[in-house]
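Starting from the structure of chain A, add chain E where the hints point.
So the sequence lines, in the order shown, correspond to chains A and E. The UniProt record's numbering numbers the first residue of the first sequence as 1 and each following residue consecutively. The UniProt record's numbering numbers the first residue of the second sequence as 1 and each following residue consecutively.
Treat the hints as calculated values from the structure; they're not laboratory data. Honestly, I wouldn't trust all of these hints.
Copies of the same chain look alike in the list, so a pair counts if it works inside one copy or between any two.
Straight line, CA to CA, 20 Å or less: simulated SDA-like cross-link-like pairs of lysine to any residue [what the hints assert, rightly or not]:
1) Lys-84 x Asn-69
2) Lys-311 x Ser-239
3) Lys-194 x Val-291
4) Lys-194 x Asp-286
5) Lys-125 x Glu-237
6) Lys-311 x Ser-152
7) Lys-311 x Gly-217
8) Lys-194 x Asn-289
9) Lys-311 x Arg-153
10) Lys-345 x Thr-58
11) Lys-194 x Lys-345
12) Lys-91 x Leu-348
13) Lys-230 x Asp-314
14) Lys-125 x Asn-69
15) Lys-230 x Asp-312
16) Lys-230 x Glu-260
17) Lys-194 x Ser-288
18) Lys-83 x Asn-108
19) Lys-194 x Gln-290
20) Lys-6 x Asp-314
21) Lys-29 x Leu-238
22) Lys-125 x Glu-107
23) Lys-311 x Glu-237
Here is how the chains run, residue by residue.
2 protein chains.
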Amino acid sequence: MGNQTKGYHVAVVGATGAVGQKMLETLEKKNFPIEQLTLLSSSRSAGEKINFKGETFTVEEATPESFENVQIALFSAGGSVSKKFAPEAVKRGAVVIDNTSAYRMDENVPLVVPEVNEEDIKNNKGIIANPNCSTIQMVAALKPLQDAFGLSRIIVSTYQAVSGAGTAAVEELREQSQDFLNGEELTPEILPVKNETHHYPIAFNALPQIDVFQENGYTFEEMKMINETKKIMHAPELSVAATCVRLPFFTSHAESVYVEIDQENTSVADIQRALNGAAGVVLEDDPSNQVYPTPLSAVGKSDVFVGRVRKDLDTTNGFHLWIVSDNLLKGAAWNSVQIAESLVKYNLL
Amino acid sequence: MGNQTKGYHVAVVGATGAVGQKMLETLEKKNFPIEQLTLLSSSRSAGEKINFKGETFTVEEATPESFENVQIALFSAGGSVSKKFAPEAVKRGAVVIDNTSAYRMDENVPLVVPEVNEEDIKNNKGIIANPNCSTIQMVAALKPLQDAFGLSRIIVSTYQAVSGAGTAAVEELREQSQDFLNGEELTPEILPVKNETHHYPIAFNALPQIDVFQENGYTFEEMKMINETKKIMHAPELSVAATCVRLPFFTSHAESVYVEIDQENTSVADIQRALNGAAGVVLEDDPSNQVYPTPLSAVGKSDVFVGRVRKDLDTTNGFHLWIVSDNLLKGAAWNSVQIAESLVKYNLL
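Bound conformation, chain A alone:
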């Protein structure tokens, strides 16, 4: 057990990216026990210097050998990097916490939001997947309702920040907004999806496309929310529908969520009571004082915020909620670090 007090050898793959940076900030802020830190990236970013707890680290190009002696490898450098290097890390004894979509729906890979299904990590075979950002905050907020009342249906429309599309998208919103205010012509190059044919302005606009379209007319982001929610909540019969929209703000996703619960005769106060004090959830819901969460009010915070709880006016078991969380923290970095903490807690390293 010496390791637990001294700390672990942690590798961060994609250390220079938006989520990688937040992972390092979170590891530092939450004081995760680290004995050795290895920062990895593609060859493009190798050589960059990064500060962690007052020490300067040089980012190295990831190779299979980079994972020798690594105990926890946090991956956030795109699906292809995870596909290439996660098996190499596992082969060398590391547990991989993967923030990409590469392994999420693999039946041998637990998909984990600790407030919802922490114990699933016990079934890991070396890789644990971190869910999609918009999924994480929704299931974290709905788990207390599933537990207390049963959950049969979810219809969600999202309001998602550009940082979910990476640092280039953040820069595009910033520059494009300034161009718009200056009355200059807009030249979109990144959003909605970098590698797609068409790009549309995000500044002072709304784009109903996140990730690529599937055969059934849904985007991959929408299908992620639908499929991941059922897997994390252990609810294959749960009805889930999603419409995902990219919006001109930098951080935090918001979600307008309609749910149907199994229990009849439930009041708004019952729902609020179930949410209030649930792990990782903060109720911010007082219409008479204009209290509700917004993307800006959630920035930099680890929790999932819920407001605007209302009873549906036409059904006996339907409710509407407004769910907001920092997409880079609970939606990515913080949830990954929480999984690492769970591995320590269950002595799985």
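Chain E only, in chain A's frame:
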């Protein structure tokens, strides 16, 4: 019938406001037959000069006598102005087309979207109400589905532009966005609701409050969508739920809409066919070529644009749609002028 060829005496009340300006632009663009034009406002804006068809008009302070000989009075100066002056205009023989919420739910006042319930204008007793902007575009898009398949349920989440809150809100978004980009502190003063206690930043944010909260936890905007939809569609049994969100763009509202229809075994192609070519509706829906409407793409256009038509994956009769329209045109000015055109068409002046 001499009047019809020569034109009508039209008054615009609130001529200097955001919607008033668009009404004048629309009257000019659609070449509505005007013989005499009277521009009215509060005392604050009286004396301003406005150009119409190359002629300069001076805005006058509205008084009861302003409406002598007026045949059509287009009101868009706030509910209290309509309450005060609409009866005076009617008393003097004018037909009032009121763009405020003052009379919309009055059972003696037709609430009209010409593509949906044009004939209701025949029941007018002097006042015809123009619905709320977010309602108009939704019912215009859903009417073809109601006609073809029957409609039992609507759940809508909105993405609404700041111009719906007036010119001060537009200016606030512009200035606040620049302040944000400059790294300056934000000092919200207008949104979400000018006369409310608390104001929150709209720049790079999302505010789940449009208009004031009601006893049941819904905002007035949400209740407008719910109640007006049932009235316009002549469907008191229709289930309608709404979540209304203000977003940082200037013009056009977007809506993520879930509908349940009565007819079973309906396909996406059936829905698209019903929408395609419906009056005032344009289908922009080709995911494989990234074709869908956005707020920016709808600016300045009279039509209601529909895209992202998908079949719900869990129900046999549910569909998801994305509906976008210019909130100042079809959502306000153009719908009002359309009502005026209907009055001419039915010889009701």
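message = Flag every earlier hint the structure violates by its number, smallest first.
response = 5, 10, 11, 20, 21
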